[in-house]
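Trainee: Quick note, the sequences are listed as chains F and S, same order. Residue numbering for the first sequence follows numbering that gives the first Met the number 0, beginning at 0 and increasing consecutively. Residue numbering for the second sequence follows numbering that gives the first Met the number 0, beginning at 0 and increasing consecutively.
By construction, these hints were calculated from the structure, which means they are not laboratory data. Glycine included, each C-beta is placed from N, C-alpha and C at the ideal position. Errors might be hidden in some of the hints.
[Stated by the list, open to error] Keeping only pairs whose Cα atoms sit at most 25 Å apart, straight-line, the calculated SDA-like set for lysine to any residue is:
id : chain 1 : residue 1 : chain 2 : residue 2
1  : S       : K4        : S       : L86
2  : F       : K101      : F       : L82
3  : F       : K46       : S       : K4
4  : F       : K53       : S       : K216
5  : S       : K261      : F       : L82
[To be verified] To give an idea of the chain S side of the interface with chain F (calculated C-beta under 7 Å), a few residues:
id : residue
6  : R168
7  : G172
8  : G191
9  : D194
10 : L206
11 : T210
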Amino acid sequence: MKIIINNTSMVPVYEQLMDQIKQEIIDGSLKEGEALPSVRNLAGELKISALTVKKAYDKLEEEGFTVTVHGKGSYVAETDRQLAIEARKKAVEDDFAASVSKARSVGLSDDEIREMIEIILEDPQ
Amino acid sequence: MIRLKNLQKDYKDFKLDVSMEVPEGRVTGIIGKNGAGKTTTIKAILGLIRTDGGEIEVFGKNPGDFTGEDKKKIGVALSDTGFCSVLTVKDVISILGSFYEDFDETDFKDKCKAQSLPLDKPLKDFSSGMKAKLRVLTAMSHKASILILDEPTAGLDVIARNDVLQMIRDYLGEDQTRSVIISSHISSDLEGLCDDIYMIDNGRIILHEDTDVLLGKYGLVKVGEDDYESLDKKYIIASQKDSYSYTCLTSEKQFYAENYPKAVVENAHIDDIIVLMLGGNNK
Chain F
0 MKIIINNTSM VPVYEQLMDQ IKQEIIDGSL KEGEALPSVR NLAGELKISA
50 LTVKKAYDKL EEEGFTVTVH GKGSYVAETD RQLAIEARKK AVEDDFAASV
100 SKARSVGLSD DEIREMIEII LEDPQ
Chain S
0 MIRLKNLQKD YKDFKLDVSM EVPEGRVTGI IGKNGAGKTT TIKAILGLIR
50 TDGGEIEVFG KNPGDFTGED KKKIGVALSD TGFCSVLTVK DVISILGSFY
100 EDFDETDFKD KCKAQSLPLD KPLKDFSSGM KAKLRVLTAM SHKASILILD
150 EPTAGLDVIA RNDVLQMIRD YLGEDQTRSV IISSHISSDL EGLCDDIYMI
200 DNGRIILHED TDVLLGKYGL VKVGEDDYES LDKKYIIASQ KDSYSYTCLT
250 SEKQFYAENY PKAVVENAHI DDIIVLMLGG NNK
């Protein structure tokens, strides 16, 4: 498992952690039934609070990526990978929808929005 | 595991009045200026001072009613080792061995070796870093379920501090039900270790928050004077006027980042929070 926490990012640490574990599950580096590290150990390794790790684990469970066996720990759930990828696409779509409504609220026309997206897409990262 | 309710202690020119709770498996930090009441709180939890009101419960008991068995469940490191300075680590080992059945001599020696603490050098010749490490190792030596550490990293260089913090993390990793109370005035030490933090000033708790929330939601908002006037101060906890701008502490940095594109919104470190809470004009 590879996890990198950015302490200067405005993205909350638990979200960073969640996203990275999700990614590992989706691309298959974390396999079904595999145990996640214990909350305290992961917190110690990443030098973050155990409550932060717990929050990330709880949310992962809520979204169906992991299951928690009480007293034993968290395990990667048997998820439909296709479903997980769909869920991520949906999240991106929601972000786009939010940006578009923001753009419209400041008075940009649809053509201007398209143009803007074209420019962003042309930028090679 | 530990519960304080309006614990009071009156000194001539200082009054302590704190409430706090430390559940099982929690790492709680107490942070504050020198003389804010951190050590007094810790001493009260240990039953080392008489209190003037309020309730203290440790394992459901008042510290005054502790039996020897209860005390064995607590590991303590105060500012001084309490061991005579002519003793060596070897002497300390035989003392600890006769106090605690759960003392693990091999493990203790291994850990001393790992921290390069010499076994037969008198403690008076130890550096302050070595003494600090010995204090923490001593507190952990009998597998206590609660560790109470008063300023374990004070006066240490960054490498030694890191070693001490890692020792605490290892201890927690061995058994998830262990709890730690740790006080410090070096907040960066607590940021990466504690689950929640109590900020204490002048005998009172002025802030109690999960570290996750402090680092994830609290932030600094920096604006010019004209923008400051129109700023919605709903989530501003404290603000400070500098020569060229205002710096405000918020508990909802996302709100300002989204609604005030001209304002600079930054992550706050616990040090920033302390400085603004104690030095800023609290509204």
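Trainee: Would you mind marking each hint as holding or not holding in the structure?
Mentor: Here is what the structure says about each hint:
Straight-line distance between C-alpha atoms of K4 of chain S and L86 of chain S comes to about 40 Å, which puts the hinted pair past the 25 Å bound. Between K101 of chain F and L82 of chain F the CA atoms are separated by roughly 29 Å; this puts the pair beyond 25 Å, and the hint is violated. Taking the CA atoms of K46 of chain F and K4 of chain S, the gap is near 31 Å; set against the 25 Å cutoff, the hint is violated. Among the hinted pairs, K53 of chain F with K216 of chain S is consistent with the structure: their alpha-carbon atoms are about 17 Å apart, no more than 25 Å.
Of the pairs offered as hints, the one joining K261 of chain S and L82 of chain F is violated, with about 40 Å between alpha carbons and a cut-off of 25 Å exceeded. Here the hint on R168 of chain S is kept, as its CB sits about 4 Å from the closest CB of chain F, short of 7 Å. Hint on G172 of chain S holds. Least Cβ distance to chain F is approximately 5 Å, under the 7 Å limit. Checking G191 of chain S against chain F by beta carbon gives a least distance of about 4 Å; that is within 7 Å, so the hint holds.
This hint holds: D194 of chain S has a C-beta 5 Å from the nearest C-beta of chain F, less than the 7 Å allowed. Checking L206 of chain S against chain F by beta carbon gives a least distance of about 16 Å; that is not within 7 Å, so the hint is violated. With its C-beta approaching chain F no nearer than about 4 Å, T210 of chain S sits inside the 7 Å limit, and its interface hint holds.
Checked against the numbered hints given earlier, the structure breaks hints 1, 2, 3, 5, 10 and satisfies all the rest.
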